[in-house]
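Colleague: Just need the whole structure built from these sequences, with the hints factored in.
In case you want the letters, here they are:
Number of protein chains: 2
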Amino acid sequence: MIVALSGGIGGAKLALGLACALPAGDLTIVANTGDDFTHLGLAISPDIDTLLYTLAGLDHPDQGWGRRDETWSAMDTLAALGGPDWFRLGDRDLALHLLRTQALAEGRTLSRVTADLARRLGIATTILPAADAPVRTVLDTDQGRLPFQEYFVHRRCSPVLRALHFEGAAAARPAPGVTEAIAAARAVVICPSNPFISLGPILAVPGIRAALAATAAPVLAVSPIIGGQAVKGPTAKMMAELGLPVSARAVAEHYGALIDIFVADPADAPDLAGIAARIVPAPILMRDRADKLALARRVLETVG
Amino acid sequence: MIVALSGGIGGAKLALGLACALPAGDLTIVANTGDDFTHLGLAISPDIDTLLYTLAGLDHPDQGWGRRDETWSAMDTLAALGGPDWFRLGDRDLALHLLRTQALAEGRTLSRVTADLARRLGIATTILPAADAPVRTVLDTDQGRLPFQEYFVHRRCSPVLRALHFEGAAAARPAPGVTEAIAAARAVVICPSNPFISLGPILAVPGIRAALAATAAPVLAVSPIIGGQAVKGPTAKMMAELGLPVSARAVAEHYGALIDIFVADPADAPDLAGIAARIVPAPILMRDRADKLALARRVLETVG
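Protein sequence lines correspond, in order, to chains A and B. Quick note on numbering that gives the first Met the number 0: the first sequence kicks off at 0 and runs consecutively. Quick note on numbering that gives the first Met the number 0: the second sequence kicks off at 0 and runs consecutively.
If you're looking for bench data, these hints aren't it; they were derived computationally from the structure. Beta carbons: idealized from backbone N, C-alpha and C, even for Gly. Some hints could be false.
[Stated by the list, open to error] Cβ-to-Cβ under 7 Å is the rule here; a few derived chain A residues that face chain B:
| id | residue |
| --- | --- |
| 1 | L39 |
| 2 | S72 |
| 3 | A73 |
| 4 | L80 |
| 5 | D90 |
| 6 | L93 |
| 7 | L98 |
[Unchecked claim] What follows is a list of derived Cβ distance ranges for each label pair:
| id | chain 1 | residue 1 | chain 2 | residue 2 | range |
| --- | --- | --- | --- | --- | --- |
| 8 | B | D75 | A | R87 | 17 to 25 Å |
| 9 | B | A23 | A | P83 | 28 to 36 Å |
| 10 | B | Q62 | A | G176 | 42 to 50 Å |
| 11 | B | D290 | A | R87 | 36 to 44 Å |
| 12 | B | P133 | A | P175 | 35 to 43 Å |
| 13 | B | P60 | A | D115 | 37 to 45 Å |
| 14 | B | P133 | A | D139 | 36 to 44 Å |
| 15 | A | R296 | B | D75 | 32 to 40 Å |
| 16 | B | P133 | A | D115 | 23 to 31 Å |
Modeller: Structure below.
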């Protein structure tokens, strides 16, 4: 059994590779819920949805979120009626949000709802939210304190970041199965998601960090930084604004003693000399399905 | 100023005719809210929506509910995910329900939300819900007590009706503007909607019935029955199950002293002899826009 910790698109690429490389059912993904929010009365879990769509083969091939074969009638109509259209919700995507919102309103937990959706989408991989209780990323910026989606989508990450908070995390407990999966895993893989906004909320749940510290199995992280640049998203900008070098080394040092193995691009290996974790140079850029599978196999070979 | 009391499609046809026949802003429609319900977490007001779409020229030309140029991606996806698809919600229609649900959740009243939606849709006619507080039609049937949409849509009116209740009506107050509009109107028109499920919930709000009784202006009803048959919907079946003759006369007697004028098909006029209201024979079947306008003009001429 392998456990992967993942955010959205970056992590989902490796998660898909791992799901394909492993026997069905041998992968458990612990998903970031720090991006979750309520919008238009709908309970939206962007990273869980990206994982669901990716593992079901329904993900949009290019845009990094949402579904392929999507239509936009509801959003077009909402805009025409003067409603908020800065967070794009496709018609097919809406169906999933409606079902989840309804199930949560009926008292089901996010982990139960996520398991139901995964089953209905025919996904063999277990997808667990880091926590059932709300954990919400909030950012201190030069434009004030902003909820995550206000910063990330509405303002397109343009505010200058000063600090991050994960509201609710300290009091949250890992969702059922999370610490059990980590304790039983032969390895834990930290996917190449943003270390701050994607992994931060997961690691801020006290029981999860403790389970990672306690396991005898190797904890392996894949760098989201290649040659001083983020593959996608605002990771580089955020690191710079937090006063960190934009480098694979800074990511490895951010994870510190939590990880045993750090997989980085061969070009970044020289700069990593002396970090606590074992360095594994490997091609980590995932452009297509073959890249995802190859990196997943390399990760699995590394952890033995 | 004319006030029209209306349910969904049957009433909306005449309401559209009146809106076209009158100067802009001279019509106030009081809409049935007994069909309203919460479905998939969404606050849905079917008769208000039919009126909004009809008066905005967005109504579906044939099906009697919903929008023209509709798409069904969300509903198809919901069905594929095993969600409830017995109440058909189009993608464009969903946008309106999302906006209303959100606005109600923020504490706005149904009348305020309805006014906002009408304004955004460019509608000059005032559309008022009968009441802001929930009034819910519940039916006693041979299959037990059923909420309205469960009876009407899910079970397609197949249960045998024994009695109707309008939960919340006795304690509800007319929405702001309703009794004022009735008191100021030069005539009140009861549209050819179902007298029981469409007009029943409106008339069950105590202040509305009192305002109709108090006004010196004529109250005119248009028959929803032509030659012993309902133009559309379950009116005939319901009347038979309630032990009433399926006739224009039974409708007129149902309204009783509430109405001053009863407009019925010329073929039904002989059977109406002796009712309390003044009988006005007129072609009342509205197949197209010209029919709607002609009937509206006839109604307006009649009330003077």
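Colleague: If a hint holds in the structure, say so; if it does not, say that too.
Modeller: Status of each hint after checking the structure:
no.: 1; hint: L39; in the structure: holds (5 Å)
no.: 2; hint: S72; in the structure: holds (4 Å)
no.: 3; hint: A73; in the structure: holds (5 Å)
no.: 4; hint: L80; in the structure: holds (5 Å)
no.: 5; hint: D90; in the structure: holds (4 Å)
no.: 6; hint: L93; in the structure: holds (5 Å)
no.: 7; hint: L98; in the structure: holds (5 Å)
no.: 8; hint: B:D75 with A:R87: 17 to 25 Å; in the structure: holds (19 Å)
no.: 9; hint: B:A23 with A:P83: 28 to 36 Å; in the structure: holds (30 Å)
no.: 10; hint: B:Q62 with A:G176: 42 to 50 Å; in the structure: holds (46 Å)
no.: 11; hint: B:D290 with A:R87: 36 to 44 Å; in the structure: holds (43 Å)
no.: 12; hint: B:P133 with A:P175: 35 to 43 Å; in the structure: holds (37 Å)
no.: 13; hint: B:P60 with A:D115: 37 to 45 Å; in the structure: holds (38 Å)
no.: 14; hint: B:P133 with A:D139: 36 to 44 Å; in the structure: holds (42 Å)
no.: 15; hint: A:R296 with B:D75: 32 to 40 Å; in the structure: holds (37 Å)
no.: 16; hint: B:P133 with A:D115: 23 to 31 Å; in the structure: holds (30 Å)
Violated hints for the displayed structure: none, as all numbered hints are satisfied.
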